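Using the sequences and the accompanying hints, generate a full structural model.
Quick mapping for you: the protein sequence lines, in order, are chains W and E.
Using the numbering used here, you'd call the opening residue of the first sequence number 4 and step up by one each time.
Using the numbering used here, you'd call the opening residue of the second sequence number 45 and step up by one each time.
The hints are simulated quantities; they were obtained by calculation from the structure and are not laboratory data.
For clarity, every value in this text was computed on a predicted model and none was experimentally measured.
Yeah, the Cβ is synthetic: ideal placement off N, Cα and C, and Gly gets one too.
Please note: incorrect hints may appear among the correct ones.
[To be verified] Stretch-level coverage of chain W by chain E, calculated; a stretch enters the list once three of its residues show a Cβ under 8 Å from a Cβ in chain E: (1) 23-30; (2) 75-88.
[Unchecked claim] Straight line, CA to CA, 25 Å or less: simulated DSS-like cross-link-like pairs of lysine-lysine: (3) W:K48 with E:K169; (4) W:K24 with E:K47; (5) E:K98 with W:K13; (6) W:K44 with E:K169; (7) W:K24 with W:K13; (8) W:K44 with E:K98; (9) E:K47 with E:K82; (10) W:K17 with E:K179.
[Claimed, not checked] Chain E side only, calculated, beta carbon under 7 Å to chain W, not exhaustive: (11) C53; (12) L57; (13) V69; (14) C84; (15) M135; (16) A139; (17) S159; (18) E166; (19) K169.
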Amino acid sequence: MVCSTGALHKEGDKTAFDVDKCTGCGLCQLACPFGVVWTDKIAHKCDLCSGQEMPTCVMTCPANALSLDFDLASRRARNRAAMLIARGGRA
Amino acid sequence: MIKVDRGMCLGCLSCSNVCPNQNIVRTDTNESRTVHWKRCKEECDLCVEFCPAKALTLVPYDELVPESEVSFELVACRVCGSRYATLPMLMKVEASLPAGMQEDASGLEWIRICSQCRRDIEAEKAAGQVMKDRKRISP
Numbered sequence: 004m005v006c007s008t009g010a011l012h013k014e015g016d017k018t019a020f021d022v023d024k025c026t027g028c029g030l031c032q033l034a035c036p037f038g039v040v041w042t043d044k045i046a047h048k049c050d051l052c053s054g055q056e057m058p059t060c061v062m063t064c065p066a067n068a069l070s071l072d073f074d075l076a077s078r079r080a081r082n083r084a085a086m087l088i089a090r091g092g093r094a
Numbered sequence: 045m046i047k048v049d050r051g052m053c054l055g056c057l058s059c060s061n062v063c064p065n066q067n068i069v070r071t072d073t074n075e076s077r078t079v080h081w082k083r084c085k086e087e088c089d090l091c092v093e094f095c096p097a098k099a100l101t102l103v104p105y106d107e108l109v110p111e112s113e114v115s116f117e118l119v120a121c122r123v124c125g126s127r128y129a130t131l132p133m134l135m136k137v138e139a140s141l142p143a144g145m146q147e148d149a150s151g152l153e154w155i156r157i158c159s160q161c162r163r164d165i166e167a168e169k170a171a172g173q174v175m176k177d178r179k180r181i182s183p
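This is how it looks when you write it as structure tokens:
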């Protein structure tokens, strides 16, 4: 919403980045609550290894903790809570 | 040459980045940022086109007009104290985001915190949650 040139834009669920349109103004860095966009002449952010079938970090994570399934983390949390309740604990 | 509306300039990095002739010079120190527009003779208006605040206009060259300069004090991060942005930039971000998004669940005004600290806080939150769950599950 702060990108004035349309360099950062929505493509479905993910925020895509058109490097040719970026002026490096730095506003997107200030608008990211998680601090994962940064500016060094132009803006930089994770593009989920666009063009590859799977991001490299997902392929190499030895614990299989990373995935492209954005609901997985919340599903795991719910499962953990359910397991706990089944054992008589409190979530 | 370029005319600057000082009241509208955000002190961002746009114009100095897009100028093909280095006629717009940005100087950052630990405490402040200065943007200096040289009296350029180009008819190029890339900086005008890409100014997110529409603070720039192309005007005819006039050597009697002094070169423009705008200075901003950089705002300190509320967590680590490092100076990370100009106040007009932060206010522009605040004006673009709905009020409900400007505080997180704990009431933290994250816009006034630098990117590095935002990342650290996020990481600590996520790690804290996982560790709590692991303690609960393991006997």
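Okay, the hints, checked on the actual structure:
| no. | hint | verdict |
| --- | --- | --- |
| 1 | 23-30 | holds (count 5) |
| 2 | 75-88 | holds (count 4) |
| 3 | W:K48 with E:K169 | holds, 21 Å |
| 4 | W:K24 with E:K47 | holds, 24 Å |
| 5 | E:K98 with W:K13 | holds, 24 Å |
| 6 | W:K44 with E:K169 | violated, 30 Å |
| 7 | W:K24 with W:K13 | holds, 14 Å |
| 8 | W:K44 with E:K98 | holds, 20 Å |
| 9 | E:K47 with E:K82 | holds, 10 Å |
| 10 | W:K17 with E:K179 | violated, 34 Å |
| 11 | C53 | violated, 12 Å |
| 12 | L57 | holds, 5 Å |
| 13 | V69 | violated, 15 Å |
| 14 | C84 | violated, 18 Å |
| 15 | M135 | violated, 10 Å |
| 16 | A139 | violated, 9 Å |
| 17 | S159 | holds, 4 Å |
| 18 | E166 | holds, 5 Å |
| 19 | K169 | violated, 10 Å |
Hints 6, 10, 11, 13, 14, 15, 16 and 19, counting from the list given before, are not met by this structure.
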